Amino acid sequence: MPKFVLDGREISFEPGETVMEAAWREGIEIPHYCWHPGLSVAANCRMCLVQIESGRQMAMPQLTFDEAKGEYVPATKPKLQPACQLAAAEDMVVSSTNDEVKKAQASVQEFLLLNHPVDCPICDQAGECKLQDYYYEHQGTLKRKLTEPVHKPKGVRFGPTIVYDAERCIMCTRCIRVCDEVAKDHVLDMRERGNKNEIIVAPGRQLDHKYTLMTEHVCPVGALTSRDFRFKARVWFLKSGEGVCTGCATGCNTHIDFDPRYGKVYRLRPRDNEAVNAFWMCDDGMMTYQRHATDRVLTPTSGRGEDRIPIGERQAIELAAEKLEGVEPSKLAVVLSAQQTTEDNLALSKLAGALGADRLYLAALGGWEGDDILRSDDNNPNRAGATQAAGGATLRTVRDLIDDVQSGDVQGVLALGWASAERLEELAPLASLDAVVSLSSHVGALVAAAEVVIPVADVFEVDGSFVNAKGMTQAFRAVLSTPAGIEPGWQAISALGAALGKDLGFGDLDGLRKGLSDSAEAAQ
Amino acid sequence: MAVEVKVIKKPGRTVAEQVYLPEIAKGISFAAGRFFKNTFGPKAKKEIATVKYPEEKVEYPERFRGIHRLTQRVDGSPRCVACLCCSTACPAQCIHIEPEEYEPDDPRYGYERYPSVFVIDELRCIFCGYCVEACPCDAIRMDTGMHMPPSTRREHFLYDKETLLSIPGQDGTYLTANPRHEPGDPTHPGVDRERGH
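Going down the list, the sequences are from chains B and Z.
Each residue of the first sequence is one higher than the one before, starting from 0 at the first, in numbering that gives the first Met the number 0.
Each residue of the second sequence is one higher than the one before, starting from 0 at the first, in numbering that gives the first Met the number 0.
The hints are simulated quantities; they were obtained by calculation from the structure and are not laboratory data.
The structure displayed is predicted, hence computed values, not measured ones.
For every residue, glycine included, the Cβ atom is placed at its ideal position computed from N, Cα and C.
Accuracy of the hints is not assured; some may be wrong.
[Unchecked claim] Example chain Z residues on the side facing chain B (calculated, C-beta under 8 angstroms, incomplete):
id, residue
1, P98
2, P135
3, P178
4, P182
[Stated by the list, open to error] Capping the alpha-carbon separation at 27 angstroms, the derived lysine-lysine pairs in DSS-like fashion look like this:
id, chain 1, residue 1, chain 2, residue 2
5, B, K263, Z, K160
6, B, K144, B, K76
7, B, K209, B, K144
8, B, K231, Z, K160
9, Z, K25, Z, K5
10, B, K501, B, K513
Produce the entire structure from the sequences given, and follow the hints as far as they go.
Spelled out as structure tokens, the structure:
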């Protein structure tokens with residue numbers, strides 16, 4: 000591989016790569032606003048100016064003050080190049096830290112802040128804002144302009160998800176490029192020139208495609224803010240965990256931002272993964288975090304509808320075991336879930352095997368539109384994982400289950416998870432059975448139809464893995480702690496197995512996963 | 000080798016001290032002297048540091064940090080923008096704020112955010128004044144010159160937004176001494192492109 004030198008360090012590059020890209024791959028950050036690894040090059044912010052020290056120096060004419068003569072005289076200074084647009088060349092020597100470059104960075108930074116309102120206290124970006132970071136790193140001086148700044152529109156609602164503040168905007172055009180290149184929808188553009196520049200939505204349109212939150216995600220300053228996250232939290236209070244999106248079978252990698260003081264999740268952010276989602280996520284995926292705290296099942300219950308009463312945890316397991324024991328194994332339906340982790344599904348299929356029940360079904364969500372950007376046609380994160388956990392056995396749908404219950408082939412149901420495409424009215428045949436046990440983290444039609452409900456942990460609270468539509472297994476760790484008295488699904492299933500007098504052959508997650516690799520082999 | 004020994008004489012008591020009575024009389028006469036001087040003597044000659052609180056009060060220094068107040072804008076809205084800088088700076092973590100957004104049709108939309116909930120636990124507060132230092136809007140002040148009114152109920156020490164807004168400063172004003180230039184203010188020139196630029 001050819002090499003060039005950046006600040007005394009040799010960096011190898013693929014032919015055609017820019018200095019910025021090559022440095023970024025090596026983990027070196029050349030200060031920049033408008034450049035983004037996932038977007039085209041605009042080279043308009045001028046923050047990444049560097050000097051090429053090798054070769055013939057390009058000179059820029061300027062006037063400098065001559066003390067001796069007492070007047071300005073013609074002189075030159077080196078011409079700097081934007082690193083994001085500068086193709087790397089063999090043996091090129093580039094400096095991003097010499098005095099000329101530092102001066103340019105400080106000047107660009109001061110220029111970008113000339114008309115900035117400096118309303119950091121009310122700005123959501125404060126704490127993760129590049130203007131703030133680079134001010135400390137590269138400027139550190141006071142503003143020299145003392146006149147009234149240019150005032151531009153603030154709090155403009157671009158659509159149902161995004162609010163725009165033109166005064167904070169540095170016109171890097173990242174949002175325009177995200178709409179053009181990721182969402183393939185040219186809905187944003189720029190109007191006016193110079194310090195009157197502002198981003199506008201196409202006339203008659205709203206910013207309402209499926210990837211609007213990505214405009215906020217790429218915005219290096221606080222110009223675009225998400226209406227969902229707006230004013231909810233300050234980012235310096237948030238900690239970040241790593242997860243996998245539960246929105247669809249693509250399995251985009253996420254950062255889960257939560258406040259450790261309250262154990263509350265505030266937002267998801269895409270986590271870079273070239274093999275899965277690159278740098279992006281769709282709006283619906285970004286909003287899946289809201290499921291976590293809404294409609295949770297937190298207490299075990301028995302009975303249906305009006306007669307539903309809370310019971311103890313131990314009591315619930317025993318009651319469930321008692322109900323299931325009353326059903327012939329050949330007439331017991333075990334429902335896996337495409338929304339639960341592979342581990343939970345595996346534990347359940349092991350329990351089914353130990354009981355001798357071979358009627359396996361799969362509950363999954365429906366009613367979703369995919370696209371050819373990121374969104375898969377299947378809005379269940381783990382259909383492949385559940386199939387794998389069942390050892391490749393064919394999994395019938397919940398609709399088949401309803402038919403089987405009606406024909407009398409099924410007299411008991413053990414269901415995992417809350418997610419099913421069917422409504423409660425459609426599940427009415429299930430509600431007429433006595434032995435219907437649900438293990439679920441949230442309320443749902445399957446849970447409402449159950450006689451005994453055992454709460455389990457949510458996906459943010461467990462170690463587990465999903466298998467996405469491409470067949471990639473993506474493991475993740477628990478980010479939040481489970482609510483009191485609630486266990487991960489596989490542990491609850493293990494306890495249920497013990498109450499039924501069956502040893503499922505695993506004691507911990509590692510033991511369970513050993514079984515997973517066996518069944519994955521069996522599936523192939 | 001012989002060890003050198005230095006004998007130190009133990010301080011003893013004199014016969015007069017040993018008898019005790021003269022010493023007791025001396026003590027009583029000193030205390031009685033102070034008692035009569037401070038109770039009946041002329042004010043200037045009194046040698047006493049305490050005052051008869053709460054009938055008498057010591058004057059506090061000008062920068063005394065009393066209970067908090069929230070300053071108001073001219074239109075009566077809280078100057079606070081719920082930025083959470085004060086609760087971030089607070090070492091006692093006694094400030095709880097929930098930010099809210101003004102709706103676009105609200106005349107105060109330009110101020111963008113305001114606290115829908117602002118509660119200070121005055122019992123937990125250590126009166127360090129960091130919140131006042133941190134506030135970018137001069138919205139929280141401790142210039143009330145007031146102690147917390149005593150109470151036997153804990154809830155009475157949770158001061159909510161309305162209470163904090165209703166406490167005036169020492170000079171009797173509810174406004175701030177440092178008005179800030181905000182988009183909603185009458186002093187704000189307005190958006191340039193709407194002024195025909």
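Cross-check of the supplied hints:
1. P98: Interface hint status for P98 (chain Z): holds (4 angstroms vs cutoff 8 angstroms).
2. P135: holds (4 angstroms)
3. P178: violated (15 angstroms)
4. P182: holds (6 angstroms)
5. B:K263 / Z:K160: Measuring from Cα to Cα gives roughly 24 angstroms; hence the hint holds.
6. B:K144 / B:K76: Answer holds: K144 (chain B) to K76 (chain B) is near 25 angstroms, not above 27 angstroms.
7. B:K209 / B:K144: At roughly 41 angstroms apart (the allowed maximum being 27 angstroms), K144 (chain B) and K209 (chain B) break the hint.
8. B:K231 / Z:K160: holds (18 angstroms)
9. Z:K25 / Z:K5: violated (37 angstroms)
10. B:K501 / B:K513: Measuring from Cα to Cα gives roughly 19 angstroms; hence the hint holds.
Of the numbered hints listed earlier, those contradicted by the structure are 3, 7, 9.
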